[in-house]
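*Asks:* So the protein lines, in turn, are chains A and B.
The opening residue of the first sequence carries number 36 in our numbering; numbering runs sequentially from there.
The opening residue of the second sequence carries number 58 in our numbering; numbering runs sequentially from there.
These aren't lab readings, by the way, just hints derived from the structure by calculation.
Backbone N, C-alpha and C fix where the C-beta goes; we use that ideal spot for every residue, glycine too.
Some hints could be false.
Claimed, not checked - Examples of chain B residues toward chain A, derived with CB under 7 Å: (1) GLU80; (2) LEU101; (3) LEU219; (4) PRO244; (5) ARG284; (6) ARG286; (7) ASN292; (8) TRP348.
To be verified - Derived SDA-like pairs (lysine to any residue); straight-line CA-CA distance at most 25 Å: (9) LYS291/B <-> LEU55/A; (10) LYS85/B <-> THR63/A; (11) LYS85/B <-> GLY142/A; (12) LYS85/B <-> LEU299/B; (13) LYS291/B <-> ALA58/A; (14) LYS67/B <-> GLY142/A; (15) LYS291/B <-> GLU238/B.
So the chains spell out like this:
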Amino acid sequence: MAGFVQLLGSAGAVALLVALAFAMGFRTAPWLDAARALEEADAALVGFGAEAALVSADGTAALVRGGNGARALVVRRGDRFVVRRLGAEARVTGCGDGLIVDCRETGLRRVRLALDAPPPAWTWAGHRAA
Amino acid sequence: MPPDLPDPVKLAVPAFAALVALEMWLVKRRGRGAYDWRDAGASLTLGLGSTVAGALTAGLVFAIAMFVWQHRLFDIGWTWWAFVLAFVLDDLAYYWFHRTAHRVRWFWASHVIHHSSQHYNLTTALRQTWTGFFSLAFLFRLPLFLIGFPPAMVFFVAGLNLVYQFWIHTEQVDRMPGWFEAVMNTPSHHRVHHATNPLYLDRNYAGVFIIWDRMFGTFQPELASIRPRYGIVKNLGTLNPLWAAVHEWAGIGRDLLRARSLREAAGRIAGPPGWQPDGPGETSEAIRARWAAQQARAPGAPQAGGGVPGPAQGGSEPAAGVGVRGA
Numbered sequence: 036m037a038g039f040v041q042l043l044g045s046a047g048a049v050a051l052l053v054a055l056a057f058a059m060g061f062r063t064a065p066w067l068d069a070a071r072a073l074e075e076a077d078a079a080l081v082g083f084g085a086e087a088a089l090v091s092a093d094g095t096a097a098l099v100r101g102g103n104g105a106r107a108l109v110v111r112r113g114d115r116f117v118v119r120r121l122g123a124e125a126r127v128t129g130c131g132d133g134l135i136v137d138c139r140e141t142g143l144r145r146v147r148l149a150l151d152a153p154p155p156a157w158t159w160a161g162h163r164a165a
Numbered sequence: 058m059p060p061d062l063p064d065p066v067k068l069a070v071p072a073f074a075a076l077v078a079l080e081m082w083l084v085k086r087r088g089r090g091a092y093d094w095r096d097a098g099a100s101l102t103l104g105l106g107s108t109v110a111g112a113l114t115a116g117l118v119f120a121i122a123m124f125v126w127q128h129r130l131f132d133i134g135w136t137w138w139a140f141v142l143a144f145v146l147d148d149l150a151y152y153w154f155h156r157t158a159h160r161v162r163w164f165w166a167s168h169v170i171h172h173s174s175q176h177y178n179l180t181t182a183l184r185q186t187w188t189g190f191f192s193l194a195f196l197f198r199l200p201l202f203l204i205g206f207p208p209a210m211v212f213f214v215a216g217l218n219l220v221y222q223f224w225i226h227t228e229q230v231d232r233m234p235g236w237f238e239a240v241m242n243t244p245s246h247h248r249v250h251h252a253t254n255p256l257y258l259d260r261n262y263a264g265v266f267i268i269w270d271r272m273f274g275t276f277q278p279e280l281a282s283i284r285p286r287y288g289i290v291k292n293l294g295t296l297n298p299l300w301a302a303v304h305e306w307a308g309i310g311r312d313l314l315r316a317r318s319l320r321e322a323a324g325r326i327a328g329p330p331g332w333q334p335d336g337p338g339e340t341s342e343a344i345r346a347r348w349a350a351q352q353a354r355a356p357g358a359p360q361a362g363g364g365v366p367g368p369a370q371g372g373s374e375p376a377a378g379v380g381v382r383g384a
């Protein structure tokens with residue numbers, strides 16, 4: 036019984052601290068621009084050699100082209116960014132005014148890039164699904 | 058007659074909560090360090106879950122400890138020096154457990170939870186494993202019982218060790234006095250441990266005494282020129298605590314199903330994280346070697362995770378939202 040009460044107390048403390056963090060404004064969502072996308076890709080993938088970035092209009096994700104035609108996805112997670120090198124199993128497909136990038140990875144949802152103009156050719160890297 | 062020892066971690070919980078709140082205030086006030094309410098929520102939830110998992114398996118761990126202790130080599134009494142010796146030797150056992158937890162994927166699958174935050178603050182300290190018993194982490198303490206240290210004494214000093222490690226998970230403390238940095242694990246040393254920068258990967262495994270890293274060749278000081286980038290080599294795509302707790306186990310299961318040989322299956326379990334059967338993979342050695350080669354080719358290039366590349370320029374490619382790095 037004492038253990039259960041202690042557990043409830045700890046759960047209450049967790050809720051309070053999370054609410055405090057929210058109330059203190061620790062809920063930023065950084066905007067991703069091309070420079071940041073290149074930086075994130077290079078920092079996460081040693082030797083990637085980021086050259087160009089295609090950034091979603093809403094600043095949440097980007098496709099980055101590296102040396103030797105490699106591609107990487109940069110996507111916002113909380114107030115940080117997560118980077119994935121796109122392997123052979125990844126799929127980039129067109130959808131209306133944007134792209135859908137599917138890394139085929141559990142825990143990483145499909146990412147939509149909203150675009151104002153047609154994407155450059157390197158985006159497709161050999162496979163294009165309409 | 059053994060003394061009735063308290064659980065140091067249980068006693069410290071209110072202080073943990075108060076210090077987390079204080080650290081949030083300091084981050085806000087000083088602009089140094091970072092918090093994110095979603096990340097903090099995931100870390101604290103994982104900490105709570107770890108407490109439950111630990112309580113469920115504590116009886117079994119204690120029974121195993123008692124069994125080994127019954128076959129002890131020496132009778133060690135409840136003296137003050139036995140506590141001190143137990144604390145030091147338990148920290149040495151922790152060093153080897155921790156090093157193994159980073160170098161063998163089976164143990165990493167359990168420990169990765171603690172590293173899966175891209176933040177480094179006091180909530181990260183509480184981001185603890187749910188699967189420690191399943192991964193057999195308790196094996197590393199068995200030699201202490203075999204030597205003759207009473208299980209209650211060992212679990213008490215292990216609790217003190219855990220409490221010590223709480224305060225070093227912060228960016229609010231820069232450096233401690235020189236003598237302290239030389240002997241003890243500090244926020245600076247442990248920031249290196251949580252960083253994914255190639256130079257910092259798999260370094261500073263110490264719990265309380267950094268001397269173990271200095272002795273066994275795994276020490277790396279924090280450099281002013283390389284700011285730590287926190288997290289894991291392949292950061293999680295979600296803040297879901299449940300996925301953080303089990304993702305590496307799921308990865309092991311998936312890789313075992315695809316394994317084409319017994320050698321590959323063994324490597325997927327007992328090899329280092331990132332190991333691949335047909336190449337260097339993404340082990341810390343491979344990443345560090347790639348980074349070193351890159352540095353050798355372009356000494357002036359920004360260091361991974363430590364510098365900011367030049368500004369992107371408007372590219373010639375006919376698409377909006379495209380940035381191209383200048384030559």
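*Asks:* A separate judgement is required for each hint: does it hold in the structure or not?
*Replies:* To see whether the hints hold, each was checked on the structure:
| no. | hint | result |
| --- | --- | --- |
| 1 | GLU80 | 10 Å, violated |
| 2 | LEU101 | 4 Å, holds |
| 3 | LEU219 | 15 Å, violated |
| 4 | PRO244 | 20 Å, violated |
| 5 | ARG284 | 10 Å, violated |
| 6 | ARG286 | 6 Å, holds |
| 7 | ASN292 | 5 Å, holds |
| 8 | TRP348 | 5 Å, holds |
| 9 | LYS291/B <-> LEU55/A | 29 Å, violated |
| 10 | LYS85/B <-> THR63/A | 13 Å, holds |
| 11 | LYS85/B <-> GLY142/A | 31 Å, violated |
| 12 | LYS85/B <-> LEU299/B | 29 Å, violated |
| 13 | LYS291/B <-> ALA58/A | 30 Å, violated |
| 14 | LYS67/B <-> GLY142/A | 33 Å, violated |
| 15 | LYS291/B <-> GLU238/B | 30 Å, violated |
Hint check: violations occur at hints 1, 3, 4, 5, 9, 11, 12, 13, 14, 15; the rest are consistent with the structure.
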